[in-house]
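Chain residues, written in single-letter form:
There are 6 protein chains.
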Amino acid sequence: MLDKLIDSIVDAALEEDLASGDLTTEACVDEGKRAVAHAVARKDLVVCGGRVFERTFHRVDPSLVVTPTLGEGARAKAGARLWSVEGSARSILMAERTALNLVQRMCGIATITRSYVDTLPVGSKTRIADTRKTTPGLRVLERYAVRTGGGHNHRDNLGSAVLIKDNHVLAAGGVREAIARAKARAPHTSKIECEVDSLEQLAVALDAGADVVLLDNMSTEQIKAAVGQTRGRALLEASGGITLARIRELAEAGVDVISSGALTHSAPAADIGLDFEP
Amino acid sequence: MLDKLIDSIVDAALEEDLASGDLTTEACVDEGKRAVAHAVARKDLVVCGGRVFERTFHRVDPSLVVTPTLGEGARAKAGARLWSVEGSARSILMAERTALNLVQRMCGIATITRSYVDTLPVGSKTRIADTRKTTPGLRVLERYAVRTGGGHNHRDNLGSAVLIKDNHVLAAGGVREAIARAKARAPHTSKIECEVDSLEQLAVALDAGADVVLLDNMSTEQIKAAVGQTRGRALLEASGGITLARIRELAEAGVDVISSGALTHSAPAADIGLDFEP
Amino acid sequence: MLDKLIDSIVDAALEEDLASGDLTTEACVDEGKRAVAHAVARKDLVVCGGRVFERTFHRVDPSLVVTPTLGEGARAKAGARLWSVEGSARSILMAERTALNLVQRMCGIATITRSYVDTLPVGSKTRIADTRKTTPGLRVLERYAVRTGGGHNHRDNLGSAVLIKDNHVLAAGGVREAIARAKARAPHTSKIECEVDSLEQLAVALDAGADVVLLDNMSTEQIKAAVGQTRGRALLEASGGITLARIRELAEAGVDVISSGALTHSAPAADIGLDFEP
Amino acid sequence: MLDKLIDSIVDAALEEDLASGDLTTEACVDEGKRAVAHAVARKDLVVCGGRVFERTFHRVDPSLVVTPTLGEGARAKAGARLWSVEGSARSILMAERTALNLVQRMCGIATITRSYVDTLPVGSKTRIADTRKTTPGLRVLERYAVRTGGGHNHRDNLGSAVLIKDNHVLAAGGVREAIARAKARAPHTSKIECEVDSLEQLAVALDAGADVVLLDNMSTEQIKAAVGQTRGRALLEASGGITLARIRELAEAGVDVISSGALTHSAPAADIGLDFEP
Amino acid sequence: MLDKLIDSIVDAALEEDLASGDLTTEACVDEGKRAVAHAVARKDLVVCGGRVFERTFHRVDPSLVVTPTLGEGARAKAGARLWSVEGSARSILMAERTALNLVQRMCGIATITRSYVDTLPVGSKTRIADTRKTTPGLRVLERYAVRTGGGHNHRDNLGSAVLIKDNHVLAAGGVREAIARAKARAPHTSKIECEVDSLEQLAVALDAGADVVLLDNMSTEQIKAAVGQTRGRALLEASGGITLARIRELAEAGVDVISSGALTHSAPAADIGLDFEP
Amino acid sequence: MLDKLIDSIVDAALEEDLASGDLTTEACVDEGKRAVAHAVARKDLVVCGGRVFERTFHRVDPSLVVTPTLGEGARAKAGARLWSVEGSARSILMAERTALNLVQRMCGIATITRSYVDTLPVGSKTRIADTRKTTPGLRVLERYAVRTGGGHNHRDNLGSAVLIKDNHVLAAGGVREAIARAKARAPHTSKIECEVDSLEQLAVALDAGADVVLLDNMSTEQIKAAVGQTRGRALLEASGGITLARIRELAEAGVDVISSGALTHSAPAADIGLDFEP
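Top line first, the protein sequences correspond to chains A, B, C, D, E and F.
Okay, so the first sequence: first residue is 0 according to numbering that gives the first Met the number 0, each after it adds one.
Okay, so the second sequence: first residue is 0 according to numbering that gives the first Met the number 0, each after it adds one.
Okay, so the third sequence: first residue is 0 according to numbering that gives the first Met the number 0, each after it adds one.
Okay, so the fourth sequence: first residue is 0 according to numbering that gives the first Met the number 0, each after it adds one.
Okay, so the fifth sequence: first residue is 0 according to numbering that gives the first Met the number 0, each after it adds one.
Okay, so the sixth sequence: first residue is 0 according to numbering that gives the first Met the number 0, each after it adds one.
Keep in mind that the hints were calculated from the coordinates and are not lab data.
Just so you know, these numbers come straight off a predicted model, no measurement behind them.
Fair warning: there could be bad hints in the mix.
Which copy is meant is left open, because identical chains are indistinguishable; a pair holds if it fits in one copy or across any two.
[Said to hold, decoys possible] List time: in silico EDC-like cross-link candidates among lysine to aspartate or glutamate, alpha-carbon distance up to 16 Å:
#1 Lys164 - Glu248
#2 Lys182 - Glu14
#3 Lys32 - Asp60
#4 Lys223 - Glu248
#5 Lys182 - Asp255
#6 Lys164 - Asp274
#7 Lys32 - Glu199
Chain A on its own, in the form it takes in the complex:
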């Protein structure tokens, strides 16, 4: 992630909190007072967002010094120290909530992603992937959090790959027609993915030359059949109705990718506190 992208998110978040100053800190904390504070995991989590944590404090006060204890992707136990910040007490207090709001979300996503990935059979080549169901404005951070948790990213946006859904099929007049149109018009550098909800549609999509086929809301049995039918002619992605409990059987069914919007849109925030040294 480029700092410029992080900073523009951080700045908007700080603006929400600090546009009218910080009445409490300005009144209660002397300007010269210094402090040391530690971000501490209150529950087990996967570490994610150290650079975001650092940039948040730096955007408020470039003289704050942020030091990581655990690296990105590390598994932290409850009580573990993640990162520390040292410098003006006022500055730390002003940036605290924004920094925590950001990393709690990032660690939350990395943690749930890791739990999915850890469920895969040993040696499995199946990928756990996100979707475009990310929090508006935070996509770049959330995609990074998925990667940090051991997952993979789906296409970034509507311009980075073709994904033909049911409504596109309807509009184009069929799976074959939709794929043909996409092949004719999309850049030669773009893959063509097509969503199908039956093995019949899958056959058409393969025949039309789809690079990836998304098997929408299929049972594990259907997916097994789809894998058999495809024989490597396209990548297969299972999506819809994905739960942690199904990950193992889907991977064993031989699907290449399992994608789930819940990784990003419904991950609970990780529990992280900022403890000041007395």
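Starting from the known structure of chain A, fit chains B, C, D, E and F onto it as the hints suggest.
Just chains B, C, D, E and F now, kept in the frame of chain A:
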């Protein structure tokens, strides 16, 4: 909510998805094609975000017509139609994901808030309130969602009221000193709230003239004692360790406000789909 | 004040002056030439805006070195040196006018505010406060200037406290109803202020539980009566028709706050020049 | 003035006031309530800013209808109605303060400028002009206000004309050298103005081919001599120490332009109220 | 292209020209004066940018009416009328230069692209494609212009597909390693393209599973050999040293894509004037 | 050029390329890997844009070190090293294309401008000047490139000088009327330029007091006559139909300025590569 505030959030979200165009839609859907689509609840939820839904489609294409079926705050059953959109099929498909990402979050927050509020004893004057633990960049939408679910808002940001926390107390040299400093410096229009973690601290805060006292992570027994000790001299807010299961007993203990960050930071996205008319 | 808030104001101001470069300086001053210049008070003033002065030069050229001679809030005599800047002559000349425009306004406001505050009786607890009648775009700087001159701030914006004015009263159907509605809907952290123009309205406002009452355009006699009638049940703020000549008698009448828009909207610019060392 | 320039100023100003919503209006005023309000001069003034007034209300709510009663530059008597606004009471109340803050400043500048212009002898060709001493962020509005009051604008910014000041002369090694350098490097479409503080310097500037000469802080006698010495070879501009009392004699001395920073940096706000129809 | 993307480019361009107003038009053209003007091709060209032309005038004045005579992609003869604009003469004059600057560039690119495409043998499946060598800030318009001229787009940006160049190969330790790393980490929706400069490298790239191979600066003979060697296992793209004269032979050699940066970075502006009706 | 102006252009350009990250570089290049790369001229060119090159790399990664080999305006031979960059290989690869896109354009313009300037007779006082026909969004860079190539700038924008064109003349009712209106309304610091297409119009323009006259699309014979007729009463600018072949004869005809839009709108990109040290 002002449209200008909504629009700036919507624009950033659309930028994430559409900065490179929509390869699939441009290839598969003819320019003149028109469509009608309905946002439908897949599970029970509290309706929230109709204006955001509308603005998202309008920012992509001002000629789209959006019509609400259910009003803000209504309880929708699974299968209920929430809002409809009609016009260029291309435009609808381009805005679909962004619109859903936004309202799924808003309905999710309204729904969980409503579940808390509904747990309050009949006639209770206790408020369910949010915190500043909102999604970075989306605070204005999430606070609105809390209100839509029957909750109340806490202070908007660090400049809209004084909230003295443990670290401020530490820095100022005590609860009494912190409150005195805040009273001397904050605008006369700002309330002074102070966080305490014991009844002894509560006594000092009341004596120092706090307008609101936040009882941090206290047991219901402690909170009952705090209510008895306070006798209306200040508003009492219970926070920390709040769960749905405790709402009723906390309200019955007589606390004025119950605040919970989970309303916003960990609400699961509501399940909403966009169904196109065939 | 956060640097980020200062910088966004400074950047917009520099843009007005420098978007097309500086024809004169580029033509007349060699690139390597260095200079030292001093901001000097041409008349007596209260010093305000050192950080803004510094940021303005730094936004044009981070290598310029700015040194303050007098601290914020100091009383400078005509001829006194306030701040100095040293470095590239080109950079100093390019930033000069923008820097002066900003600090002349800030010192002007601090100076007039100080003259009001100095008129208060010794030991008075009455506050001199600003209003929202600030220069569009410069509110954060002007509120800071008021504090620097010894004054206090009123609410920052329409979301940081409730202030019920005559038109709100009209719309709500009376003072009592307006206050009741505000109490029911505003955050529990927000004070409720109500404007009244008679002692009868004051009685209703107090009875309805206003935290602050604004006495609008009242004579000193009326204000004395209001103070007697209120007996500390709410803060009293005198506003409208405030002049320097009335400050002392209003304070002696016992009002808690005297607020005046003229502190910000009509303060004449302080006279400050930038003298280059020969 | 282009609407786009107005809107960017208006938006920043509204953001200051409304980023956290309007607690009072949302609580006290029903959503459907409509109102009519009139901007009324409390004292005599020159009308300026009708379009800015309108855009401010429109940026909050495009459905508000704004109607002018008096045109730009008209002389309004105390009590005169300037503009009216009709529509949602909530929207009007939210935009009121921002709209007034802007037009009070614009009318204030137009009014003081008009008083200077009206002091000129009948038939005088002398111009009253502003300077770059404008309020940061509001230059475009303030220059317009000067024109509305019958004045003229000086160069807009550092790139629109050359103005050689004492420090440029110093850096270039003399008036002659500075003018020569500017002539060699500035676009052929740019005039060269040079500041002088003696008749000797004036002679050099004329000889070097200055298009305009600024007579800095000169007495009326000196200025008369300068006019005689120049005989139309360049435009002469008097600046520094300009007061209303001197306008007539300076014009009679034959100077082409009288420029004053006070027109913009120290104009008191015009007194304008917004009266709601009962 | 979304209007929002067009508008942000148009706004920045208008800002360059109009931030200080239009002295000439304001002085010489009466406010109420109306005009009709026609954009006319001075030389043969391919029409491109009608929507950009329209938005430019609308961003200055939404009341202007813009009407196209020729559609996107049409071949216009010298003298042909492309688009017309009607309304306020002032507004048209203010927007004229910016509108022309934009469409001259777009038509210039469409025209040169069309000349390349027209050189292809009848029935050829070879694509003419652009590169990322676009004008900074105008990529979205220039890619659209390439499509309008009958060309195709390459990947939009560094995140929309993998393109391994010599320096990536160097850093990864070889073509095989680079492709393996990209396959392991890039989204499953992204194609992997690899640049090669010899047939030996081509063999490795094919073996490693590249989806597309870029043949860099190869002779037509080499390219023929590459096509024979590849036998459809990957798409082949010729790039480097592309001239109009080589298009036909390269297509006949059987390459899938011919890409050239000159389409965008060195296309001369099309000659278009804006003629006002007398 | 101020860094702030450069940076805002650079940031928009980087955003186009890097908003979704750099898939290839992140996959193929290890994070700690360092590199040295040199920008090398592939053909003869005039060096321009060193600061832009440096800022582009710094905006991606402030730790990159950029060193110039040749100064601005130097004539580089094919093969000459222009600038070098050293540091993180990832950062260099991410910024490479954007940096080259910018400097190729700037060097291209400087190079073509220099070729025009070099064609002037020795000792000629005639200026080669640009126009407002610059690339939208890049005007400040392109005007700088013209100066670097030995050319001069025309007015920067519509507010920096008056240029009366045929349509203004038409609207005002004649050359004399247009000039009179401009003189009455434009700032006294602005020159008045008027476009004429005949010697009759020239006579009127001179008589009305134009400071500069633009001779539009005139033959060299006409221009000679115009110079004779003018006798120094105004500057004369030849524009329209300017080619390299005519520069010498136009200068010898005695015109003061020769302006050409082709310098900016149709300059081919200079050929520059970035070579990594092995």
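*Could you place Lys223 and Glu248 in one of the four classes (within, between, both, neither) given a Cα distance threshold of 16 Å?*
within (10 Å within a copy, 48 Å between copies)
Is it within, between, both or neither when you check Lys32 against Asp60 at 16 Å Cα-Cα? Within one copy only: 14 Å inside a chain, 30 Å across chains, cut-off 16 Å.
Review point. Using 16 Å as the alpha-carbon threshold, which applies to Lys164 and Glu248: within, between, both, or neither?
Key: So Lys164 and Glu248 fail the 16 Å test inside a copy (25 Å) and across (39 Å) alike.
Could you place Lys182 and Glu14 in one of the four classes (within, between, both, neither) given a Cα distance threshold of 16 Å?
-> neither (44 Å within a copy, 25 Å between copies)
query = How would you classify Lys182 and Asp255 at a CA-CA limit of 16 Å: within, between, both, or neither?
reply = Cα proximity of Lys182 and Asp255: across copies only (13 Å, versus 22 Å in one copy).
| message | If the cut is 16 Å between Cα atoms, do Lys164 and Asp274 qualify within a copy, between copies, both or neither? | response | Classified as between: cross-chain Cα gap 12 Å, same-chain 48 Å, threshold 16 Å.
- Item | Alpha-carbon proximity between Lys32 and Glu199, which holds within one copy, between copies, both or neither at 16 Å | The answer is neither: 70 Å in one copy and 27 Å across copies each exceed 16 Å.
The earlier numbered hints that this structure contradicts are 1, 2, 7.
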